[in-house]
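Q: Protein chains in written order, with this note's numbering: chain C, 1 to 333; chain W, 1001 to 1413.
The set of hints was computed from the structure by calculation and includes no laboratory data.
C-beta atoms are modelled at their ideal positions from N, C-alpha and C, and glycine is treated no differently.
Misleading hints may appear alongside valid ones.
[To be verified] What the simulated footprint calls covered on chain W by chain C, stretch by stretch (three residues with Cβ under 8 angstroms from a Cβ of chain C suffice, anywhere in the stretch; the number is not a length):
id : region
1  : 1087–1093
2  : 1155–1161
3  : 1164–1178
4  : 1243–1250
5  : 1319–1325
6  : 1341–1352
As a plain string of letters, each chain reads:
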Amino acid sequence: MRGSGKRNACNGRIKDFRSLGPRKTLREIFEILNNFEFSPEFTAIRVPYGGNIFKKHTISDKETIESLQKLASEAPIHIPPTIELAIELALAAEKMPIVFIFETAFFCSLPEREAFYAVPRKISESLKLRRYGYHGIFHQAAVEEGKKNKAERVISICLDALPEIVAAIKGKPVFTTSGCTPLEGLPGRTTCGEIDPFIVTMLNKKLGLGPEEINRILSEESGLRGITGKNKIDFPEIYLSNSPECILAKEIFEYRILKACGSCVAAMGGVDMIVFSGKHHSLSEKIKEFISKHLKIKESSEIEFVTCADPLAKIMAEFAETCIIANKLKTAK
Amino acid sequence: MKILIFNCGSSSLKYKIIKMPDGQALAGGEAQRVGPKTSERSKIFHRVNGHEMIIEADMENHSIAFEKVMDIVSGNPALAPDAVGHRVVHGGDIFKDAAIISEENLKELEQINDMAPLHNPPAVALIKACCEKYPKLPQVAVFDTAYHASIPEYAKIYPLPIEFARKAGIKKYGFHGTSHQFVVEEAANFLKVPLNEFNAVSCHLGSGGASLCAVIKGKSADNTMGYSPLQGLVMSTRCGDLDPSVAMRLLSRAAGDGGEVEKLLNKESGVLGLSGVSGDIRDILNGQSAKGKGQANLERTEEIYLWRIKKYLGAYLAIVGSPHAIIFTDTIGENIPYVRWAVCSGLSSFGVEMDYKKNDAAKHLPIDVASDKSSVKILVIETNEELAIARRSEAALKRQKGTEDEFTKFDSI
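So here's chain W without its partners, still in its complex pose:
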């Protein structure tokens, strides 16, 4: 079975065609600068067998980008997909697992667009376009929030007036679930521990967003992100944890304009707000040669960024109780040994001891960079969200097929 995976960014559309069950990527690419015209023309970078083609095309929205991508893909019969898997950020209260799109649940999906106003609407528009153009091709929506449906009530509830919160849908949803679930499965497999016995803290440290996930018996038990992706770690431009009274002061200061405060906390804070130079922590870590006041600022940004991760690592190691592993993944987690080292140092109380040389030299993933005396493995694992989406999509299709087969059996009886 070939599954075409779509991952909708706010101004990009990534795609990949994956052959299942072996997970081989047949082709993939990215449409960039999707949206209103910018100084550069929008382009599609299409890759097959290590060759890259660049196709220029005007793409005013994601539906047009989708059509252009389909034109390229359908030009090659070997790539013709049997199903489409879509990454959708927010599944709200409705979607606790990957879902095969039907007329009904598409309506439900549209209704929760405002829970992730930047991410959900383009993905939903794309699903609609897909359904219209290819009504017979099964579409599966895979949600970032779904893996966190298992977070227990006491970790999920915010201590607000309980009925009020329930009616307004305020609780922890958690994000990055597709990635956390993927690396957790890979890690359990790598360590040969049955997934339903596997305990870990998974650190998805991206160059944009980042979150930690506490994993008990293979399931998500907590996530540093909350009702929205704003809570938790210091991210590229998101502030992470913030005293709610500060948010209220900012709201008064903005004369009650919640949108303005949201923009400040989501787009202008985090590493960018602290450093004043860049929202990419790699620039901060590499920029240590700058002198004067700027230098102190970079050092402080780095310290705050790392400290927040370390605090949460301690908190999650405590709630997981007896972890098999700490997992690092995504751009920063996979590629910056210094970050892994800094946040794992001084955690020997939890049985965490890193082998610094192994950590520094880690290139071929997956790898364990813990020392021999560490009771907790420290794994660096490459995340692969497209493959994760393909796996979830395949599982959802199999489940459906299973139930259909059951029905057929009944019919024949």
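The following block holds chain C by itself, in its conformation from the complex:
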């Protein structure tokens, strides 16, 4: 959101969106904004899934809504409430532009060699198995940092509960640690990350566990929680505590980061900039120190490290603004 002239921000959370429904929710939000004498010029809505249709962030209009409706069956949890919200928003504030910011847009150009799994094609096609990539908004912000500094080859490290490392050349992704879901890749707060897929079938055959039970173990009981045995553990703690289990968790995490960075360098033929972002961006100093010490490549001394501390909303506002300006220029032509 933008205030008058200079940027400022306020934020909040509506807890019972589902029971209130979009109309009442929006009424409440506008009421609050009014009380603060805050009148937004445009709205950005985050959309977690844009399928193959939305390759960039898009201004809402009749056509866009229709395309979104076609996608609803592919992401039934995310798309319908997005559409509802946009329609109600258009009714509540008729002239205010709405921009859909798609998490998946950044990854649309991920090459097939990176996106495809080596399973029979029929199965990939029928189950839509491929790497989708996550945290697209943060990674896009990272490559924007790269563009500002004329850095073509960027490693983007999103430090989140589900951490992810992406390599992008000239703004386009060529490598990501995450997979069909964010479960693959680096270990997360409670997720296992990349493991031998055989472990899944072994747990089923040897221990008689069903898919739901296995899923619970791998996504809720693993990662930092699994290694340390501490329920409430999170990334900052493994960098603060000296307990053996926290040290082990940190070693595992950093080792995976180093491997991923090596893959990124191979994927891009080098690296110019490493950008940190996400909820735990404050850990970037320590991770930077680790990478500088261990990633021994020719251009080591020239790598620029940048930390993007912006929250998601601010990045979204900037993308939405760019989208609106571009649209104005286009229609003016």
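With chain C's structure known, arrange chain W on it following the hints.
A: For chain W alone, coordinates are given in the frame of chain C:
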């Protein structure tokens, strides 16, 4: 000392008699189509001094195949072995080095059969048959997993609930260790670097299985295979890396039948699953003349196969830090210059520069195909698993003899 080496495949039994310490192969061969009768009769191809004999014989299982092989071998007194070395795929948590078979450790070995259900049981059955028929002949088991016992904890542990994983024996074991160790020793020797200072990335690219091994100070520091040989690279029929949530979806789809999913990921995926035509990457690389949709499919299969190797090569070069060499070995690694070239291109950040002409012309192994300005050597080395097993067996026997001598000394005191 003559060592008879057995390498048990699921339907074959390879053998070789090697004279140690010089490593000369005196004879060798392969029993094919071991198991239930197939359309063709099972045969033994026996080779001595460049001559091949083909002997037809029914061989319903590996023990019978073993007896037939022994009949042939014992017909020639010059071949009579002093010891037997067996290749065993999985050593579990118990065997961190080659082991001389005793009654006790044979029992332990039987208990870990389910960790490699296709490979371990026939090898163990063969060891038993050997012990029964030749109780005085020392038997040594050499494990594919043993070389990887040195992988550090942080690379070995899967981030699962730690106690749960420990109890279930879930961790990275790594495979192809015998081959990786062999080519690493050969490479250090070739470059005249002391083994305990030698750093490398070893690429065992077979036409079936394939794995990369990160080597620090001569020891394995990581392997792309994991708890099982399924993880890592795209292989002939194995998928390699796969999002665990995909494995879970496949499990739900198969109505909870883990065996069916295992079969899909182990036997029907990889190069075969992607291409739909062949599980041999050489067929894919050679099949570029096909037209239409099939053509695109072949190209995509090739790209995915090579890309996965390249990603891991980068990852392992990073963790090794200052590698002396990248090593290529086994069927694909030794014989397909294009694969070596494709995965080494664009790695100049790591100081890797290939001499393309040398690489193309590489015939007489071992050879270094790196250019003069490359700070990392690129070696093509012939793997020789039988010789590797002979070396490990000999070392194990010497160690035992050493301890026995010690005991004798004490006795005499």
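Q: Indicate, hint by hint, whether the structure satisfies it.
A: For each hint, the structure was consulted:
no.: 1; hint: 1087–1093; verdict: violated (count 0)
no.: 2; hint: 1155–1161; verdict: holds (count 6)
no.: 3; hint: 1164–1178; verdict: holds (count 5)
no.: 4; hint: 1243–1250; verdict: holds (count 8)
no.: 5; hint: 1319–1325; verdict: holds (count 3)
no.: 6; hint: 1341–1352; verdict: holds (count 6)
When the structure is compared with the earlier hints, a violation turns up for hint 1 alone.
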